[in-house]
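Engineer: One letter stands for each residue in the lines below.
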Amino acid sequence: MTATQAPAPPTPAVAEPAGNDGFGRILRAEWTKFHTVRGWLIGLLVGAVLMVFLGVFLANAQIGCQNNGVQETGPACLPKVPIGPGGEAVQDNYYFVRRSLTGDGSITARLTGLATRLQGNSGPAHPVGGPLGPAGQRVTLPWSKGGIMITASTKQGAAYAAMLATGSNGVRMQYNYTGDIAGLPGQVSAAAPRWLRLVRSGDTVTGYDSINGRVWITVGTVTLSQLPRTIQIGLFATSPTFVRVSNFFGGANINASPTTTTAVINDVRLTGSTPLASWTGIDVGGSSQPGPPDIGGYHQAGGAFTVTGAGDIAPLEPGPGSNVPTATISQNLLGAFAALIAFVVVACTFMTSEYRRGLIRTTLAAAPRRGQVLAAKAIVTGLATFAVGLVAVLFCLTLGVAKDRREGLFVLPVSPLAEVRVIVGTAAMLGLMAVLAVCIAAILRRSAITITFGIVAIVLPFLFSVIGVFPASVGDWLLRLAPAAGFAIQQSIPHYAQVASISAPGGGYYPLSPWAGFAVLLVWVAAAYVLALVLLRRRDA
Amino acid sequence: MSHAAATRPARLPGTRGREGGLSFGLDVLRAEWTKLRTVSGPAWLLIATVALTIAVSAAAAAATSCPARTVCPVDTIKLSLTGIQLGQAVVAILAVLMISNEYSTGLIKLTFAAEPRRWAVLAAKALLLTAGVLVAGVLAVGGSVLAGHLILASHGFTTARGFPDLSLTSGVAVRPAVGSVLYLALIALLSLGVAAIIRDSGAAIGIVLGLLYLSPIVVNFVSSTTWQHRIDRYTPTSAGLAIQATKGLKHLPISPWGGLGVLALWAAAALLAGAVTLSLRDA
Amino acid sequence: MQARIECEGLRKRFGTALALDGMSFTVQPGQVTGFVGPNGAGKSTTMRVILGLDSPDEGTALVGGKRYATLRQPMRYLGSLLDAGALQPSRSARNHLLWLAHSQGLGKQRVDEVISQAGLESVARRRAGGFSLGMRQRLGIAAAMLADPAAIMLDEPFNGMDPEGIVWMRGFLKSLAAQGRAVLVSSHLMSELQDTADHLVVVGRGKVIADTTLADLLAKASGASVVVRTGAVADAAAVVERAGGTAAVTGADSLSISGLAAADVAAALSGGGVPFTEVSAHRATLEQAYLELTKDAVEYRPAQYRPAEFGADSEVTR
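Protein chains in written order, with this note's numbering: chain A, 146 to 686; chain B, 24 to 306; chain C, 109 to 426.
Excised from the complex, chain A in its bound form:
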């Protein structure tokens, strides 16, 4: 029988397509597989709908506000928030004792004291934490500020540069709200005075400090673009809200109190053309804090001044320290968690269903190069999730921001670049998490365990961090190391070290910067991918 001559072999039904490389075919096959199971498309849709629902309808709500004693809601509550030279929302409240300066010139002063006192106590009377203390009690406020300043004007949001002493962060040169350069360390006192100097030359301002008035150290030189010829120059003090967060299991208790800071300044010397003969005080922005009016002021005796102010000169960060009802665009994306659960289920099932039914054998018989199958599955799942995620994010932001504004919340402005990063980054993060799920599924092969593993690995670090199971430091490390670090890409308002805000995940802040968090997620995906690849190649199907 072996010698039987077979008839002419049949011509193949389809000629070998030229130029169509193997991977393109497998990618197409996996995409066909994905979109022909309605349950998976529904799963993606459910995730997107949940994301929009939670993000838009649950995320932000403003109860209302008091305007001249009248209870108001909605846009009437929209606060007026100054915008700094960089386009970011800022806080700009301080007491300023100034003169005007035309053309180039300088100011030099000696600072001999900086004292901060509580103005009152607010916050719930919670058994955990307790009250802060009586009004007038002295406290150390790390970022209380007092010193000398050159500013374009006394309008809020104006360009400025300042040399200042802080409660516990030493001497700094700060400019245009976000700039911060460290100068001499240590607390200022009568025994340890600090000499500060600012020199204006055209658009550039240089800051110096000194411990004796003779040896000067350059702290920094900054350019304040389009500084008018006549500017304001003088002494200032300001004092952020004192906030104490008491973490306890299941939440955090926040006690806050307005404060005032008094700077003692003497030996003030000016050079240059200063047309105004005498000093005048101005409460820039008024006191932003509730409490007794006119808490700002100054006292002059010859060349010696005491300046008392309240408020802050800093970028506005959302959270309990902020006195303005704000919202961030990222807050509208909280539904990403819910979406993620649906996306992880779809991604896992896309892989595990093959194992459950033995379909993986058909797949690998059709595409024996197993690496290509894994790559195609990862790409199809990742891109599909990315696309659906992107649409959901755009819905969340357009609907959410409009709703925030209707409710009278000030939506903190972000640069277009940051906005694109938040939008595309969130979608990409969701896509990567789906790829991670596919890889875990290829490793574990059982859907229930895979999905639990995927969701728990992503969600639990977050949960432990936000509900304060672990001390903040441990919680932060969990969020640095877990795949959940990728959520950092959603952070829209940068956190500045010189701002005393509570930068917790609940407020949209993450322990890692956006791209670093994203990189951590990428590392997870890469590691899981490699392990999945090795196992898929090595194991019998």
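Rather than coming from a laboratory, the hints here were simulated on the basis of the structure. No residue lacks a Cβ here, since even glycine has one placed at the ideal position from N, Cα and C. Each statement offered as a hint is correct.
DEER-style ranges, computed between Cβ atoms: (1) B/P187 x A/I187: 45 to 51 Å; (2) B/K132 x C/T385: 46 to 52 Å; (3) A/G169 x B/H252: 51 to 57 Å; (4) A/I187 x B/A137: 32 to 38 Å; (5) C/G238 x B/A137: 22 to 28 Å; (6) A/H180 x B/G281: 45 to 51 Å; (7) B/T128 x A/P561: 49 to 55 Å.
Please build the complex by placing chains B and C on the supplied structure of chain A, with the hints as guidance.
Structural biologist: Leaving out everything else, chains B and C in the frame of chain A:
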């Protein structure tokens, strides 16, 4: 075969025979028990529940300390029961797989052929699941409290400083401990009910984990206090875990037993819906 | 394009169980090769190794002279059906074929062609989860034929088929071989292959027991026998033995006689005055030849059926 049939009632004391209609047959319970113990998965999942719960609880206790002369607003009992947050996920897997595995292999057809009263199958599974999870839960919670007792005392949380005695004989820890065991059992029943409705293991476990983990995260991001309050009071985990609190009880959104009651309602509703869908739908 | 399937010294161990123990055979183009052996003989493992799904501990399996895993568009060389149930239940039959077609660079037209060849037009857009086993087999065949392969390999294709389907399948396999393709069909029932296979590879305990043509196998089987039905069994046996045959009593009224032709037996009985109701000649069947060959290789041998033990005592009481 008539010989065999005649011997049957005699073998099962306590049942009144097959004609009893709604009487809950011990044989379906026995069949489910045989099914459960003859595969290794459920036993491993229960062991994992105990191990992971204790491990996370001990880690939480080890990471927390109260230095001298500071105020530490820590609910030490709740802290030492942290592992329940992870243990519940393993319990949920166990519960979901008890049903969805049968659907994915087609075994469910045989199960329903052997016991046509489908609610009885679900009830038998629920009973066995509850028993298994209660045993695992007692071990998990006991181990967690013991770990907390041993670790926290050396981290500054001493009775001399007003922290409660974590030994179970002291009384303070009894309600949270017993409640946590019941919590795990109720989470298992809730998951079982969801699995009976959804059948597919992937979708079922996704929904269960969403129910378990979404609410405590969302509540941290929602700024509306009305919604915070609603989520805290009416979602399974947020309400159910109120049973663990021993501090600030007056400020809890829901009372400890009330919260566990909310979870029990969730579980009962899921089981009921599961029994109805099992009975109405083709296997 | 022609493609032989060549297995050479395949060895594979799963834990302590030796699944393949030096499996070697060749599937030639232009004929149907039956791959038979009892359950657990290693047929499915061999097929998985041929497809590159399982890697052998030793040995090689080649399709058209190459390892399957190195082929581009492998389904043009070898179409296969391992498990007809390996389907995503919620995907329609047509979409199942469509993704497979895409993986081989084929389009919708080819899918529709194989659907009509397999007679699945009316159900092609229904979810595959609702298919009967027979329909799944047809869908699996359609998938195997999708890329018009030079060789085709089917694992137990007769399972779950109705008689009409079995007839169709036999004709189909023969026509594939007639077109010059190599066809490998596994079965644990020789009868399914009796009228289909040109060549047989009989396996047991992971190795080839016989690699032969159908005719050779039959010739090797023990010779013909004559069955006699009679009321006088002892007399008949005595008469036959005297005539030079060997008689074995097979029942209360039947004898099996070897060494004599049917006519001789009838003559001897008539001559001896022994009444009989039937004398019939029996050729050895393929099934008997097969059972003979594999009797040592059966892995799971059922205990002898003893009706009395069912029911009353051992099973029910504890």
